[in-house]
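Student: Assemble chain B onto chain A, guided by the hints.
Protein chains in written order, with my numbering: chain A, 1 to 437; chain B, 1 to 437.
Hints were generated in silico from the structure; no laboratory data involved.
Where hints are given, some of them may not hold.
Because identical chains cannot be distinguished in the list, a pair is counted as satisfied if it fits within a single copy or across any two copies.
[Stated by the list, open to error] Pairs of lysine-lysine, BS3-like flavour, derived with a Cα cap of 25 Å:
{"id": "1", "residue 1": "Lys270", "residue 2": "Lys389"}
{"id": "2", "residue 1": "Lys213", "residue 2": "Lys159"}
{"id": "3", "residue 1": "Lys56", "residue 2": "Lys270"}
{"id": "4", "residue 1": "Lys213", "residue 2": "Lys84"}
{"id": "5", "residue 1": "Lys270", "residue 2": "Lys16"}
{"id": "6", "residue 1": "Lys218", "residue 2": "Lys159"}
{"id": "7", "residue 1": "Lys159", "residue 2": "Lys16"}
{"id": "8", "residue 1": "Lys271", "residue 2": "Lys84"}
{"id": "9", "residue 1": "Lys389", "residue 2": "Lys213"}
{"id": "10", "residue 1": "Lys56", "residue 2": "Lys347"}
{"id": "11", "residue 1": "Lys420", "residue 2": "Lys84"}
{"id": "12", "residue 1": "Lys213", "residue 2": "Lys56"}
Only a predicted model underlies this, so the values are computations on that prediction, with no experimental measurement involved.
Protein chains: 2
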Amino acid sequence: MAHIDIARRVYDHSWKLDPIVRSLLDTDFYKLLMLQMIWGLRRDVRADFTLINRSKDIRLADDIDEQELRDQLDHARTLRFSKKEMIWLAGNTFYGRKQIFEPDFLDWLADFQLPEYDLRREDGQFVLNFTGLWTHTSMWEIPALAIVNELRSRAAMRKMGRFDLDVLYARAKARLWEKVERLRQLPDLRISDFGTRRRHGFLWQRWCVEALKEGLGKSLLGTSNVLHAMETDLEAIGTNAHELPMVMAALADSDEARLMAPYTVLESWKKYYGGNLLVVLPDAFGTTAFLRRAPDWVADWTGFRPDSKPPIEGGEEIIAWWRLRGRDPRGKLLVFSDALDVDSIEKTYRHFHGRVRMSFGWGTNLTNDFEGCATRPDLDLRPASLVCKVSSANGRPAVKLSDNLQKATGTPEAIAHYMKVFDYETPSPRAVDEQVA
Amino acid sequence: MAHIDIARRVYDHSWKLDPIVRSLLDTDFYKLLMLQMIWGLRRDVRADFTLINRSKDIRLADDIDEQELRDQLDHARTLRFSKKEMIWLAGNTFYGRKQIFEPDFLDWLADFQLPEYDLRREDGQFVLNFTGLWTHTSMWEIPALAIVNELRSRAAMRKMGRFDLDVLYARAKARLWEKVERLRQLPDLRISDFGTRRRHGFLWQRWCVEALKEGLGKSLLGTSNVLHAMETDLEAIGTNAHELPMVMAALADSDEARLMAPYTVLESWKKYYGGNLLVVLPDAFGTTAFLRRAPDWVADWTGFRPDSKPPIEGGEEIIAWWRLRGRDPRGKLLVFSDALDVDSIEKTYRHFHGRVRMSFGWGTNLTNDFEGCATRPDLDLRPASLVCKVSSANGRPAVKLSDNLQKATGTPEAIAHYMKVFDYETPSPRAVDEQVA
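The shape of chain A in the complex, shown without the other chains (with noise of 0.2 Å):
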């Protein structure tokens, strides 16, 4: 018997396109949970979206083939979700809760398609941009991002010889099991992979989210990919982003209404989640401005998840604030998702562990973390800081300040006009590149 089927190899060498997003599903949870939620209340809303890269030393549109890139969002575009896929969102389980997609809301899923979207090149970036309805453009920042961190991967591993890339896989996975069996010292940890948007590479965030699943066990409460969640029998993990407040802020009609947009996202939402979907992102105009104002039953949620500040910073403050408000930390709910690797969760986790209840949320650190795997030093892969956010809603500006400006996005005059208005108080910076998270 010959060593090679003829078949298979002319098939593997004829193809045409190595897609990248091969599902509509191949996204993060988040963005279903907000979209029945948009689709449901404002479904009228035209937002738009573009892609930032805070790297910018990292010349995306050099190492990037502009065509190449086309061809991958393209494909995107192709894609509606399976019948199978539409079958298991009406009939799966998400955070404890049967059917929490309505029926209405599946059957305009079932017809989804990506929409348009405008590229160009500009100084050795891309300017890639989504307008249209809300509903829509949202849909792109997880394929858009996922795409052209791939595309940069696969940039540079087209450099690697057959053995380069065995000696960078072995590496990867011998990193990615060691961190395992440090993060299995903490016994109770619950712990999420939250990589989707920068991964690698698709198959490599498959392998670790299996990783984990293998070596965790119970720690591993699931995945933030949906398709990874359903084809490896996992939770779905996620709630909701900053894209909510930001759309509704830039939607006042006058700044008092803008300082009560991030309260009364947070009542849209309860309107259709409950449980441990209760979760507050404080962040998109000031963590302590938002706590200042919060009306008492924000006190109520099941947690928080502090997205921007230094882990410990973060959820003292929470801490702190939920006693001033009378309530218990202890059964409350901190979700870190910032920026986060072994050492920062250990550190997280020992501080925080007995006073209240926590999970991580895992990302680029998990599944990007090649840094030093090449076997020669100019090939090696470092994560670009790429987002995807919101920029305008209605035609009005929107803003993110967060808890580091270097996060922030926006307009220079509307990101000044969001500090005015939101009391903004400027916190000790940090360096952006320690927050690809």
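Tutor: Positioned in the frame of chain A, the structure of chain B alone reads:
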């Protein structure tokens, strides 16, 4: 198109045996060089070989199924040199010389078959003996060792899941590549794979050889494994082994003749081989005594292979002897092959650099360094210190003393007699565990 080729899968699951040794070339090159001389000069001699497990705490017969071992040994006995292999042996250049193997010898070799074996279990160990003509029993050494070692690896790995195996090999590959990156800091390094006998497995040895080829370039002289050499277009490396002086000393009719046996072996060798194949293995009955009595022409040989003294001590002793005999060590060669790993290679290289030509034969720590690579400590893979040694020649006991009496083989009485005959000076003992190369 289905993901799985049905025919392939059925075939894969229908194997009666996954053979460990699939070619008579899957042996060390020195066996063929010695065999030509044995066949040419002493084809009448009967020599018995026996498997010796120096790692008494490793109960091989508890780890390995006896029938599996028989099946593998039986399969090796079905092998013949293939036409392609015979053509390559005849046509290839070895150590810079064409037609190193004579046509008559190759004609005889074409019909070669491994002889029968005697196998039984005793107290958790295998008693494995090969009795018969030296021309045949000698050829069991390498396949027998490779089979026992790989069966032991397989037995351990049968307890591992798909994922454990993935991590095991990822870690082993990452570890080997760290070694390669250290070794390529040594610009004049000359190193060979000597790891056939104690390899983790055939495919793993191939990976190691290819890693060295990829990472070390011209610093890799080649591999002792003839099959790997042929298939990867590398040089086949090796000279001679202790069995030559051991058999010749056993056959000697007087102690005077016995004392001369190590030198008569060299005289015979020189009739067959020249150049870099003129490497003395001086330690069969103690290096110090060998050097003291050596005829002056021994100092004209290209080099020495100190095999059982610490490399620096052994090398210094030989360099001092060359000087004493009026030869310039800078034109001479030292081949180090005992218990090497990166630390000792670096140390030895730096110690002798510029004073003598060196090459390194890297064995167990190249092809079987899996300690700590398993996902569970109870599945850890530690290589056994296994050898397969000539035990008698024409019914007379064969003895090896070496420079480390823990590596001595033979009956206690015969060892005592040889120590007296050869004026053996008892050196400081080294633990045999350090010496699995």
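Student: Hints first: check each against the structure and report whether it holds.
Tutor: We went through each hint and held it up to the structure:
1. Lys270 to Lys389: Within one copy only: 24 Å inside, 78 Å across.
2. Lys213 to Lys159: Between copies only: 19 Å across, 32 Å inside.
3. Lys56 to Lys270: neither (39 Å within a copy, 68 Å between copies)
4. Lys213 to Lys84: within (24 Å within a copy, 48 Å between copies)
5. Lys270 to Lys16: neither (46 Å within a copy, 62 Å between copies)
6. Lys218 to Lys159: between (39 Å within a copy, 22 Å between copies)
7. Lys159 to Lys16: within (20 Å within a copy, 42 Å between copies)
8. Lys271 to Lys84: neither (28 Å within a copy, 77 Å between copies)
9. Lys389 to Lys213: neither (31 Å within a copy, 48 Å between copies)
10. Lys56 to Lys347: Result: close neither inside a copy nor across copies, 30 Å intra and 45 Å inter.
11. Lys420 to Lys84: neither (49 Å within a copy, 83 Å between copies)
12. Lys213 to Lys56: Classified as neither: same-chain Cα gap 35 Å, cross-chain 39 Å, threshold 25 Å.
Violated hints, listed in ascending order, are 3, 5, 8, 9, 10, 11, 12; each of the other numbered hints is respected by the structure.
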